[in-house]
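2 protein chains.
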Amino acid sequence: MEKNINEIKLDIDKYLEQEKTPEDKWLIENHPIDIAEALSDLEAVEINNFTNLLDTEELADIFEEAEEELQIDILKYKSAHEIIEIFSHMAADDITDILGLLPIQKRKELLRQMKQDDALIVRNLLGYDKDSAGGIMTTEYLLLNKNLTTTEALTKLKNIAPDTEIIDTIFVSDNQKKLVGIVDLRNILSSADNIKLAEIMDDNLIKVAADVDQEIVAQLVSKYDLTVIPVINKNDILIGIITVDDIIDVIEAENTEDMFKMVGVHEEESIDSPLWKSIKSRLPWMYINLATAFLATFTVNLFESTIAKVVALAAAMPIVSGMGGNAGSQTLSIVIRGIALGEIDFQDNWKLLFKEALIGIINGAATGLVTGIILYLMYGNYYLGLIIFLAMILNLFAAGLFGFLIPLGLKLVGIDPALASAIFLTTVTDVFGFFVFLGLAKLFLPFLI
Amino acid sequence: MEKNINEIKLDIDKYLEQEKTPEDKWLIENHPIDIAEALSDLEAVEINNFTNLLDTEELADIFEEAEEELQIDILKYKSAHEIIEIFSHMAADDITDILGLLPIQKRKELLRQMKQDDALIVRNLLGYDKDSAGGIMTTEYLLLNKNLTTTEALTKLKNIAPDTEIIDTIFVSDNQKKLVGIVDLRNILSSADNIKLAEIMDDNLIKVAADVDQEIVAQLVSKYDLTVIPVINKNDILIGIITVDDIIDVIEAENTEDMFKMVGVHEEESIDSPLWKSIKSRLPWMYINLATAFLATFTVNLFESTIAKVVALAAAMPIVSGMGGNAGSQTLSIVIRGIALGEIDFQDNWKLLFKEALIGIINGAATGLVTGIILYLMYGNYYLGLIIFLAMILNLFAAGLFGFLIPLGLKLVGIDPALASAIFLTTVTDVFGFFVFLGLAKLFLPFLI
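Those protein sequence lines, which keep their order, are chains A and B. Taking UniProt numbering, I'd label the letters of the first sequence as residues 1 to 449. Taking UniProt numbering, I'd label the letters of the second sequence as residues 1 to 449.
To be clear, the hints were calculated from the coordinates, so they are not data collected in a lab. As the structure is a prediction and not an experimental result, all values here were calculated from the model. Even for Gly, the Cβ is constructed at its ideal location relative to N, Cα and C. Some clues are possibly wrong.
Interface residues of chain B toward chain A, partial, derived using beta-carbon atoms under 7 angstroms [claimed, not checked]:
{"#": "1", "residue": "L10"}
{"#": "2", "residue": "D168"}
{"#": "3", "residue": "G181"}
{"#": "4", "residue": "S333"}
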């Protein structure tokens with residue numbers, strides 16, 4: 001069962017006080033990730049004191065599960081030699097991630113001191129973009145020749161099983177080392193002896209190139225219910241695998257990113273980021289929003305004389321812009337989520353655009369009617385009601401239209417639709433909303449006074 | 001590799017035209033989920049014609065991967081007998097999901113005609129809330145007694161392996177049938193012969209009760225990098241397992257839900273929902289927004305005489321409310337995401353609240369200063385600049401405060417924070433924003449004219 005993090009914290013305090021190495025039992029009973037979570041609230045010095053009580057393998061287990069900030073803290077007071085000791089218990093892809101966090105000086109030093117073979121693999125992995133299949137793959141997998149028999153395969157597996165991350169899926173290569181299929185361990189177990197792997201493997205496999213974006217990889221894993229996906233190079237040779245637990249991290253990260261980008265929060269901010277980091281994360285967006293807010297102000301300014309004559313317009317105009325913004329963000333969410341899940345079929349675009357525009361008109365009419373009636377009752381002016389009714393239909397129509405076109409347009413020119421859509425959209429719904437409402441008011445002015 | 005859905009569609013058209021059963025090769029080469037995707041654009045009659053060309057097992061494969069709407073279409077013209085044939089190739093939890101979609105009459109009929117044993121399992125599963133661990137678990141798993149030896153276990157596995165969904169993780173029970181541990185197949189394979197499972201199993205396992213919410217289950221699977229999590233009853237007896245592919249679906253669904261709820265779109269709407277369903281999904285939220293928009297209108301109305309004297313206020317006031325709304329939704333996203341990922345530590349609440357409020361003041365001052373200067377340059381009035389500077393500090397302070405308190409408050413009283421937070425928040429930032437800006441203006445009125 002999940003342990004109470006606070007209990008673990010108290011235990012750690014106790015071990016620190018007594019300068020005593022934790023019992024094996026304690027280390028087994030508490031999951032490394034929970035220990036990591038408990039550690040992350042401590043100062044770097046205390047973290048170092050505690051990790052010095054552990055042997056390298058125990059520390060490596062905790063280290064691998066730690067958040068980036070804690071990893072940096074753990075390494076802070078460790079010598080290059082100690083760090084390489086820790087690395088020796090870790091997978092190449094995890095080592096690569098750590099090196100990516102370190103200053104280039106330190107990284108080079110560590111690579112120099114690592115074993116030649118290991119350094120080569122890590123250098124290779126460092127070459128991939130960190131958001132690509134190559135950047136998240138691990139180089140530990142099981143690859144057997146298709147001419148092996150099930151009996152030979154089982155013997156091999158029995159020998160190498162303890163050291164590999166996944167064993168349920170075994171990859172199969174031909175004599176040119178090309179990846180040609182996968183076979184489940186259960187199929188090997190339940191097949192008759194001495195059948196060649198080629199005969200029982202599935203050769204219709206889903207695979208990705210190393211430069212494919214991690215979001216696409218996640219879509220494939222999710223769609224085809226995979227637990228592991230192979231990564232190949234240009235010659236169809238297996239160079240790594242991505243396991244589903246890493247895919248879950250990708251999905252969580254991409255979702256956080258989409259949600260944050262829509263409101264201008266940096267993807268790396270979290271609830272407990274330090275103050276200055278939060279300000280840095282959010283203030284730029286606030287300035288961009290301010291610029292667009294002024295566009296709306298300039299629009300209203302055009303109609304100063306009209307408002308001076310009918311002040312009710314000032315009270316009513318936020319309804320038009322606000323409702324437009326709401327309707328637009330509904331369309332936006334649907335479209336952005338559709339893009340993220342790979343559901344948007346670009347062939348049906350016109351039909352979908354037409355639908356969103358129509359929803360805008362219908363919802364605009366439905367809410368505009370109620371608004372018009374209430375304003376009529378408030379101010380006793382029939383035309384004011386009519387004007388807001390028309391303005392809301394037009395603004396919600398625009399909201400549907402642009403809520404659909406903006407994210408797709410951004411996607412087409414290669415900009416992340418989650419990032420900038422909201423800002424463009426509210427500019428449209430504010431500026432157009434004020435313009436159409438106040439413009440109609442100016443047109444009908446004689447009837448409003 | 002992933003097939004082109006359009007190719008599959010053309011193939012299906014061809015098979016339909018020739019009334020010809022698809023070749024085995026075609027069925028192997030095309031993943032059932034791709035065939036399902038291609039089918040989902042057809043009319044129910046065509047779908048029925050095509051599925052009649054398949055044998056039951058082939059149809060069951062496609063059926064299991066289909067979206068709900070396609071599943072309903074497939075069953076539309078099938079007899080109870082044919083449906084039960086399809087069910088015989090499916091797992092109990094998938095059958096349960098289908099039955100949940102059918103009218104109660106039809107469901108009862110099918111349960112009556114199913115095999116007694118199967119019906120019992122399904123009836124049992126139907127009793128769980130569909131968003132709980134029990135609602136998403138499958139009842140197919142491997143459970144072995146802890147006194148079995150590795151050799152005995154391997155023999156057993158060899159016999160039952162072809163029929164189970166997962167074999168990498170084997171669950172271990174004691175003589176009272178209680179779940180006491182898990183063991184990886186690789187550990188069994190690589191252990192010496194004739195060692196008892198009790199000796200090599202991991203008894204420190206993560207498990208959940210059947211009534212635990214699926215979001216919590218997903219958090220556990222994600223945190224502990226599990227590929228499968230056991231579900232137990234009150235007596236610690238294993239009653240089902242949840243595999244990671246189902247967890248990915250849960251994560252995607254919860255993310256969509258969070259994103260949609262924040263803008264008032266129903267979680268079941270997608271980019272290609274029919275028009276009326278989209279209207280039904282979004283219009284209620286628009287009416288709720290309208291109600292809060294009127295609160296803002298009433299607030300502005302209080303200051304009608306002030307605006308009549310200084311029309312510039314009408315042009316500037318949307319800046320205060322808009323920037324407050326933006327700042328608040330930044331805080332909101334951070335907090336809602338923190339809650340979803342289980343990162344919010346309720347003990348640190350005061351510190352976090354203080355931080356968000358402080359960010360509001362700092363960002364309010366930073367953007368308010370620029371706004372004040374521009375307004376001064378536009379209207380040549382020093383006091384107008386000062387007023388908007390103060391109003392923005394106050395409104396962004398309120399945005400940080402309520403952006404933090406509203407979702408946590410809703411969470412405490414058991415309301416989904418993603419659902420209603422945005423509406424409460426924009427009400428605060430609009431009403432308070434207008435009030436504080438126009439209120440200050442009224443106070444300083446002699447200096448503004």
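Okay, the hints, checked on the actual structure:
no., hint, result
1, L10, "14 angstroms, violated"
2, D168, "4 angstroms, holds"
3, G181, "12 angstroms, violated"
4, S333, "5 angstroms, holds"
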